[in-house]
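Visitor: Construct the complete structure from the given sequences, taking the supplied hints into account.
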Amino acid sequence: MIVSPFTMPGSLPANYVAAWPKDVGIIAMEVYIPSQYVDQTELEEFDGVGAGKYTIGLGQAQMGFCSDREDINSLCLTVVQQLMERNCLSYDSVGRLEVGTETIIDKSKSVKTVLMQLFEESGNTDVEGIDTTNACYGGTAALFNAVNWVESSSWDGRYALVVAGDIAVYATGSARPTGGAGAVAMLVGPNAPLAFDRGLRGTHMQHAYDFYKPDMVSEYPVVDGKLSIQCYLSALDRCYSVYRNKIQAQWQREGLERNFNLDEFGYMVFHSPYCKLVQKSLARLLLNDFLYHPSPNTESGPFSGLEAFRDVKIEDTYFDRDVEKAFMKASAEMFEQKTKASLLISNQNGNMYTPSVYGCLASVLAQHTPQQVAGQRIGVFSYGSGFAATLYSIKVTQDATPGSALDKLVSSLSDLKARLDSRRKVAPGVFADNMKLREDTHHLANYIPQGPVDELFPGTWYLTRVDEKHRRYYARRSLDEDRPLEAGLADSVTAAEHIPSPVKKMPRIPASTAAPEAVAISNGNH
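So for the sequence shown, the numbering used here puts the first residue at 1; every next one is plus one.
Check the hints yourself; a few may be wrong.
In silico BS3-like cross-links for lysine-lysine, where the CA-CA straight-line distance does not exceed 25 Å [claimed, not checked]: (1) 408 <-> 22; (2) 325 <-> 226; (3) 53 <-> 226; (4) 226 <-> 313; (5) 417 <-> 276; (6) 340 <-> 417; (7) 280 <-> 313; (8) 213 <-> 107; (9) 436 <-> 107; (10) 313 <-> 246; (11) 329 <-> 313; (12) 469 <-> 436.
Keep in mind that the hints were calculated from the coordinates and are not lab data.
Guide: Below you can see the structure in the form of structure tokens.
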């Protein structure tokens, strides 16, 4: 008699677990951006710099920012609860939760443990994962860990949830306009509309002090701007080369004789410190294709007129203006087709650090129909200073029918532009005052934030106080503006339909959900 292997409660049947999960990837996404922004044109005038320095030179139009009412815990609380509510998910359907962030407010306690308060009503404490940190790469590392968990023998049949969030602020000076803030949550499981290409990751990691945060009492980083750009571009070159070698080896094993180039990507998204660097990065990938090609056609096509650059050494071109200008011109049409749409959030909200590249991915989905993205391969380049980088790819499902997983995902992000447009513009002086307030009160104990709560978006979690032991307490602004701002947490996990595991089909995202309420919670004793 053969005895079936023992399975834990909530896990799939043994015969199901034995099979390799198919099409593991992103099932649902949620994006959170602050409710206020500063206009970069007005900031140029306020800072006394030349017109166009931020808007044209950096490619930035607006910059979102947080008052002292929001911190990394509140951002992540907000985006997780919004994802769970909008997708009618029960908290016991999540078996792994990992946070990627470089916004550190406690050197020991993780953001993930703060988020576990959202799970209390469900009784689910069996949730793996913890925080992952390396500059802007932490979200990608957390996402890889989630995908690997679902594809591993550790998987118990439940979803993984990945949160990338940060508040990007800089001291007064040339780097300040490259700030931003926000969070992205991603639900990971099998049969996903955005499936990770298995075995196709090109990674490069190296030691450098291009951007780092050695001062534990300050939010501000130390930045070597020129070195940071060089590290970013050199990592892009290395990752693209490794990815090319891997996909060509995969094709060779399948009996296909093909040469990889940018045409394989329907869309190409990048980590975006500022939009102009992304445009230069796509041009750089075209340079890589040009130099790798054994005999490029310089008479017509994308390489037309580029013969003068045939013998350049790629490591000598990071700051070569002639090469940059020529390949930006050659890749201009490709940029419009493959990358420009990805910069919606980056252009209007700024650099979110770990969620930056995933905000770019969400921007692509938000501005296309399911039919337009179905079947496409999306290239993703993630970079974090210090430095760590990976270029990988996602394959979008072919199924774009109404009610499909892709249809639900795209529909859930279709209001992204409206959300950006609904924010409140503030004067540069008010922005500067907020930055000074954050600077003066960073890590203060026995502190009550001063920022107005009624200017936050409905449903936003916010900091109510920090006690004498540095324990932080939070409340949620009601989704119904006519209700009190704080009420009972018990209703916050109520939904029309709950999804116990990835085995069951995801429900259609409702056009509107009941307005849940929440009680104040903390990151300490409660």
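Visitor: To test your reading of the hints: which numbers does this structure violate?
Guide: Checked against the structure, no hint fails, so every one of them is satisfied.
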